[in-house]
Amino acid sequence: MGRFSGRGDASMGVAQTVESAILAQTRRGLRTLLAVPAARAAGLARVEELEIAGAAGPLRARYYEAADAIRAPLIVFFHGGGFVCGDIDTHDSICSWLAKSSQGRVLSVGYRLAPETPFPGQLHDVRAACVWAFQNARTFGAGPNRIAVSGDSAGAYLACTIALEINRATPGAVALQVLLYPLVHVQDTLWAAEEVRNFRFLGRVAALYIAKSLGAEKLPSLLDVDLSAAPPTIVAGGGPLDPVRSDVKAFVSALRTAGVRVTEKKYPPLMHGGLNFTAYSKTATSALREVGALVRAEWSS
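Going by this note's numbering, the first residue of the sequence shown is number 13, and it counts up by one from there.
For the record, the hints were derived by calculation from the structure and aren't laboratory data. Ideal Cβ placement from N, Cα and C applies to all residues, glycine included. A couple of the hints might just be wrong.
Ranges between beta-carbon positions, derived for each pair [claimed, not checked]:
(1) R58 with K278: 29 to 37 angstroms
(2) R150 with A262: 36 to 44 angstroms
(3) I34 with A305: 34 to 42 angstroms
(4) P183 with A33: 42 to 50 angstroms
Based on the sequences and whatever the hints tell you, model everything.
Structure representation (structure tokens):
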């Protein structure tokens, strides 16, 4: 019995080592593909590297300011990558274009990734980042007392979750949320129900891996929480190559039912994660220009 158990432990150790190697390679590959300096929007007045206080140590951050920035809440952005990949470099292009096209200011903040940090470590970092943003927004020339939050995919999940938390405590403190093809849940039963339809078979595999990596199979679904405290919301999503699109449709409906004002933009050619490809895709740059214009319209309304 002892020898059998030992072989099992050894096999599990090998599997974990292989899985860790694959994840490390995936992270490197994404950085090579997406962290492209030429993809950054031109003509920004300021791009500054920062280090801000996180829940368990310093977090990397990067500040972007448009050349013609208007006085408006600071946008705090959280990157996607399924909670296991991505950083402020892979999402540099998105944040630069969002700052430029909104005539605003964006603070992109990294957070600890899974599986090294189980959930809710990511949410703790996001909470700390928002506290820092409230304390320091005025020093960047942003409008006082309020912030906006944004993110793509898993980052959008974190942005929405923290916006609800903050606004329940202090109504209106988060003035706007900008959610790019948000990941709404990782519940396998919901993904399995449409595994073949809506291109969700790949999405289901990803959601299973995310849940396993987070140690959070019961990660709260945004479809199951009270959304009434959510701020005005801009949602941008893709078409047939975006496996979250049916969840986004349900999420938008739930927000509106809760009385939240929502502006939704759909880009049929856009795949999930496609907004990162501003160096290669006119769809990505035009979509970010349009989303930024919607943000700017919110501040002037």
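Do the beta carbons of P183 and A33 sit within 42 to 50 angstroms of each other? Given a distance of about 47 angstroms, which is inside 42 to 50 angstroms, the answer is holds.
Distance restraint hint 34 to 42 angstroms, applied to the beta-carbon atoms of I34 and A305: Once the Cβ atoms are compared, 40 angstroms apart, the range 34 to 42 angstroms for A305 and I34 holds.
Given the hint of 36 to 44 angstroms, check if R150 and A262 actually sit that far apart at their C-beta atoms. holds (38 angstroms)
Are R58 and K278 spaced within 29 to 37 angstroms by their CB atoms? The hinted range 29 to 37 angstroms holds for R58 and K278, with Cβ atoms some 32 angstroms apart.
Of the hints listed earlier, there is not a single one the structure fails to meet.
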